[in-house]
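Protein chains: 2
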Amino acid sequence: MFSEKFQPSPAQVLVVGFLILILLGTILLSLPIASASGEPLSPLDALFTATSAVCVTGLVVVDTGTFFSTFGQVVIMLLIQAGGLGFMTMATLIFLVLGKKITLKGRLVIQEALNQITLSGLVRLTKSIIILTLIIEGVAALILGIRFSQDVGLLRGLYMGVFHSISAFSNAGFDIVGGGVGLTPYRDDFVVNTVIMGLFIFGGLGFTVIVDIYTRGSIKKMALHSKFVLLLTAIFLVVGFLGIFILEYDNPATLGELSFVEKIMPAFFTGATTRTAGFNTIDTGSLEAGTLFFMLLLMFIGASPASTGGGIKTTTFGVLLVAVYAIIKGGDEVNLMNRRIPYHIVLKGLSIIVIGLIVVGTVTIVLSQTENQEFMNVFFEVVSAFGTVGLSTGITSELTTFGKGIIIVVMFMGRVGPLTLALALGRRYSKSKIRYPEERVLVG
Amino acid sequence: MFSEKFQPSPAQVLVVGFLILILLGTILLSLPIASASGEPLSPLDALFTATSAVCVTGLVVVDTGTFFSTFGQVVIMLLIQAGGLGFMTMATLIFLVLGKKITLKGRLVIQEALNQITLSGLVRLTKSIIILTLIIEGVAALILGIRFSQDVGLLRGLYMGVFHSISAFSNAGFDIVGGGVGLTPYRDDFVVNTVIMGLFIFGGLGFTVIVDIYTRGSIKKMALHSKFVLLLTAIFLVVGFLGIFILEYDNPATLGELSFVEKIMPAFFTGATTRTAGFNTIDTGSLEAGTLFFMLLLMFIGASPASTGGGIKTTTFGVLLVAVYAIIKGGDEVNLMNRRIPYHIVLKGLSIIVIGLIVVGTVTIVLSQTENQEFMNVFFEVVSAFGTVGLSTGITSELTTFGKGIIIVVMFMGRVGPLTLALALGRRYSKSKIRYPEERVLVG
Ligand SMILES: [K+]
Ligand SMILES: [K+]
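As you go down the protein sequences, you meet chains A and B in turn. Note that the UniProt record's numbering numbers the first sequence so that position 304 is 304, with each residue one more than the last. Note that the UniProt record's numbering numbers the second sequence so that position 249 is 249, with each residue one more than the last.
Ranges of calculated distance between the beta carbons of each label pair, as one might list FRET restraints: (1) B:Val409 with A:Leu24: 50 to 56 Å; (2) A:Gly38 with B:Ala234: 57 to 63 Å; (3) A:Tyr249 with B:Gly153: 55 to 61 Å.
The following residues of chain B were derived to be distant from chain A, with all beta-carbon distances above 12 Å: (4) Val13; (5) Glu39; (6) Arg124.
Honestly, the hints are just simulated from the structure, not real lab data. Glycine residues also receive a C-beta, built at the ideal position from the N, C-alpha and C atoms.
The following block holds chain A by itself, in its conformation from the complex (with noise of 0.2 Å):
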């Protein structure tokens, strides 16, 4: 009887899956063999932890590499893969392997989940998806694991090859370097730079794109979507790169000291890392004010959508210059590439920046007053948090709980998605019959 009546949208049951995950992963890392003393995690901090790994955030209040045992970081190594993979993706396999066929209605949690476009074509899609990343990680792990090698030993070299692969194609930015120090140790290694960077900037683009650049090969026959999102990643890490470059060239903490050749591959990589990776080369609490702000901007924008990284998405922001675009030039259809964006899509994109610039601002008002922390470094907090970001001057650890179960709700929202949580709490499609008549109001 009840189970007719609720009939749950795709978006509620992405919202669930992703809750029953967190509680799963709060469990397993509070337990004493997670830890590397087996002295156990607080329920807060794991569920901080799960929280962090499964959103593919990267906060952390506790550091990976130290804390942990090896029982620990393979457990958020699964959450961030769950996580970053997509758990839709991972149910579909799961359909797969039982050798079930797809429900239509199957088919609209699997198409919300990747914010895909036609239902045709999921199943091969979902197939692909995880055979590609299969690949990508396994090939960026034997390569990462070599170089840690160097440095560890052969096995646990590979242990932090597997660990790191996974973490940067999900654009997690967790990482089993230890010493809370992040990537700083490898700020001038061309191979971790390169590998790790390829993983979380190819993760970012989003699943359809990844698969359309496999299928199609041409950039002409590919989507317009997918024309689009190259396109806007390659501008922001341009933006990212010069901005960082110019605007911390003679802070001593980070690129000061630096020569001019030596500064480039650390101002890509922390142009980059605002794709919401959340790995850093150099130390973020070291930036000057501006350079945060800066990047806190680029968090806020973020990965393309379906993809493992978070923020608003670039095509979001891109639609909404396209659409000002318009307006300038005096015409009222959005035109993109020879092709028109239909007006929905436009007020969706508006609808997802709207909300994030509210919940991002009321939050960061908030924890500006609960914590007891430089402003700057708890607006940073907020956005690296709702962007799934990671990065951090490094006030995660001195969070109050308040704050703590503050970020964590932001973390949620961040990945889960504005808009789809709006849907999820909304009622969809009950589009109302009446028409009324039109009348303006001013605007600007």
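We have chain A; now place chain B with the ligands onto it with these hints.
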């Protein structure tokens, strides 16, 4: 030949008119007689002050009450009146006085200036604006004059009444109390608080709303725009009051030492002044960083369209919220109070907020590098300039030459309106005849 080919748009006429007013003001304020000491103001500071007055911003590099002679203060007062009442309304007045008929071109310019919807009734509206403004400012000047007379004598008191009445109704935020302390000596003065607030809130509603109130009487009969403005203004006043009251409750440098009841008036004033009035009864530099951020968000939203206030405007933000609500409900029509808001109004609102965010973000990052000031103070200053607010943590006079130049440009852009500027620069009504095929991109 040239004059036939070059058809300036209404927006371009507006921009040029404002520039001429600023230039005139700069020359007058550079004269030795404009200075109380006879030592003339530097050209840059004169330009800064003239821009601040014409754009009714209120940021000052020298204290208006002590640096300027009565001549200088009267120049500023006239620049404020011209900029606030709108130089286009002034132009209309000149037309009327000269007995000339208003051409269609002239009407279009006025329409742009007031952001009005129809061409009809513009002359009547302009007359109403001027008469209403003079009555309101006159009555308020008298009340304020009597109050100030108690402190400084009759003649000086009435003069101060006129200056502050014009400055308040125009949302200019200039004061001649002296000593660079704003209206802090009148923090607990009921008359000064209510009259000043009444003036700037009323002025910030926008001329069309004021005329609508004046001619229709009942709220029910008013235009959708007027009802929306009144609703949003009420909401922002309540939110502003509650925010300041809560955030500053314990701050010993602002509300902390006051009793619960005593906190109410300064909290309300500080919340209301973010409607881009720019007056302050408590020291802005003593507010907590979180409070500054809260005020900064309200300042960015600002007052209502076609008003003396600035910001992206209450209705711009309001329309976007309504659009977000529509998307959450699953529809694609943006309905408000049983009326449908046209697509292009939503797009226009979207453009204004996106351009505003880009301008504020970019300028803040640049100035955070060039100015040797705390990041939050720079951020606050930029939003204050863009929203033509005039509140400052006290860094205005300490800005570098480059910083002052940039703030001048931002004040101008903030007043002329990002969109008007964009329209003035771009080619309008150049609608393409080509209708491209529709293709979706993923957002969010
Ligand atoms: K991340
Ligand atoms: K002002």
